[in-house]
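Asker: Based on the provided sequences and hints, a complete structural model is requested.
Numbering (our numbering), first residue to last: 494 to 669.
To be clear, the hints were calculated from the coordinates, so they are not data collected in a lab.
Please read these numbers as outputs of a predicted model, since none were measured by experiment.
Cβ atoms here follow ideal geometry from the backbone N, Cα and C, with glycine treated the same way.
Any given hint might turn out to be false.
Said to hold, decoys possible - Quick list of the computed label-pair ranges, beta carbon to beta carbon:
1. Lys517 <-> Gln611: 36 to 46 Å
2. Pro644 <-> Lys605: 30 to 40 Å
3. Leu500 <-> Lys551: 37 to 47 Å
As the list claims (entries may be wrong) - Cut-off 27 Å, straight-line C-alpha distance, at most; resulting in silico cross-link-like pairs (DSS-like, lysine-lysine):
4. Lys557 <-> Lys539
5. Lys551 <-> Lys605
6. Lys571 <-> Lys594
7. Lys539 <-> Lys562
8. Lys551 <-> Lys533
9. Lys551 <-> Lys581
10. Lys586 <-> Lys596
11. Lys581 <-> Lys562
12. Lys605 <-> Lys562
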Amino acid sequence: MMRFRALLLIALCSATSCLADVYKWTDAESVNYGDTPPTKNRSVEKLKQSLNVVETDKEPYEIKVAVEKNPLTLYVFKECGNPCDQAKALLDKRGAPYTLKNKDEDKLELQKLTGRLQVPFLMVGKNPHLGFEESAWNSALDQAGYPRSNPMADFKKPSKAAKVADKQPAAEAKSP
Numbered sequence: 494m495m496r497f498r499a500l501l502l503i504a505l506c507s508a509t510s511c512l513a514d515v516y517k518w519t520d521a522e523s524v525n526y527g528d529t530p531p532t533k534n535r536s537v538e539k540l541k542q543s544l545n546v547v548e549t550d551k552e553p554y555e556i557k558v559a560v561e562k563n564p565l566t567l568y569v570f571k572e573c574g575n576p577c578d579q580a581k582a583l584l585d586k587r588g589a590p591y592t593l594k595n596k597d598e599d600k601l602e603l604q605k606l607t608g609r610l611q612v613p614f615l616m617v618g619k620n621p622h623l624g625f626e627e628s629a630w631n632s633a634l635d636q637a638g639y640p641r642s643n644p645m646a647d648f649k650k651p652s653k654a655a656k657v658a659d660k661q662p663a664a665e666a667k668s669p
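Answerer: Quick look at the structure:
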């Protein structure tokens with residue numbers, strides 16, 4: 494029993510030391526880090542620490558790279574109808590983030606860019622694609638490095654009903 498208490502005390506002391514303050518300061522020769530600020534009057538920055546948590550991006554790496562190298566801009570307007578709906582559906586299905594241009598001022602931009610107002614119009618990086626043809630757009634997206642299927646499609650958030658059921662006590666959740 495005594496051994497258990499000693500181990501518990503050691504574990505608690507070491508756990509709290511992990512969250513000790515950390516200071517960063519610069520002197521003439523180097524950048525320094527320490528658990529106490531320097532004694533001399535220097536510019537000191539107290540670093541914020543968090544618990545051991547891995548931070549992740551919301552987008553997969555391959556999409557980030559594709560967006561950086563070949564950003565997507567989609568021009569669609571009200572008059573377009575089904576072809577524009579299919580174009581948006583394809584990009585959404587593939588999980589490809591895009592800038593949507595669908596306002597009146599965007600018509601002027603498209604006119605300057607292409608010399609006409611035909612939509613849907615997709616810019617993949619610097620490569621224009623006029624009109625919607627699924628196979629041609631898929632090929633352009635493949636060449637630009639966008640994944641064939643949406644990597645986030647399998648990630649499902651719990652429904653509101655599931656959240657409510659989780660908050661109810663077990664006896665209430667089982668009743669019809």
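Asker: Check the hint pairing Lys551 with Lys533 against an upper bound of 27 Å on the C-alpha distance.
Answerer: violated (43 Å)
Asker: Is the distance from the Cβ of Lys517 to the Cβ of Gln611 consistent with 36 to 46 Å?
Answerer: violated (56 Å)
Asker: For Lys571 and Lys594, compute the direct alpha-carbon distance and say whether it is at most 27 Å.
Answerer: holds (11 Å)
Asker: Are the Cα positions of Lys551 and Lys605 separated by 27 Å at most?
Answerer: violated (35 Å)
Asker: Starting from Lys605, check that the Cα of Lys562 is at most 27 Å away, please.
Answerer: holds (23 Å)
Asker: When you check the alpha-carbon spacing of Lys539 and Lys562, does it fall within 27 Å?
Answerer: violated (37 Å)
Asker: Does Lys586 pair with Lys596 here, judged by a C-alpha cut-off of 27 Å?
Answerer: holds (23 Å)
Asker: Okay, Leu500 versus Lys551 on CB: inside 37 to 47 Å?
Answerer: With Cβ atoms ~41 Å apart, the hint holds.
Asker: Below or equal to 27 Å on CA atoms is what counts here, so check Lys581 against Lys562.
Answerer: holds (21 Å)
Asker: Given a hint of 30 to 40 Å, does the C-beta separation of Pro644 and Lys605 actually sit inside it?
Answerer: Given a distance of about 35 Å, which is inside 30 to 40 Å, the answer is holds.
Asker: Against the 27 Å threshold, does the CA-CA distance of Lys557 and Lys539 hold or violate the hint?
Answerer: violated (32 Å)
Asker: Does Lys581 sit within 27 Å of Lys551, going by the straight-line distance between their CA atoms?
Answerer: holds (21 Å)
The structure fails to meet hints 1, 4, 5, 7, 8 from the earlier list, while all remaining hints are met.
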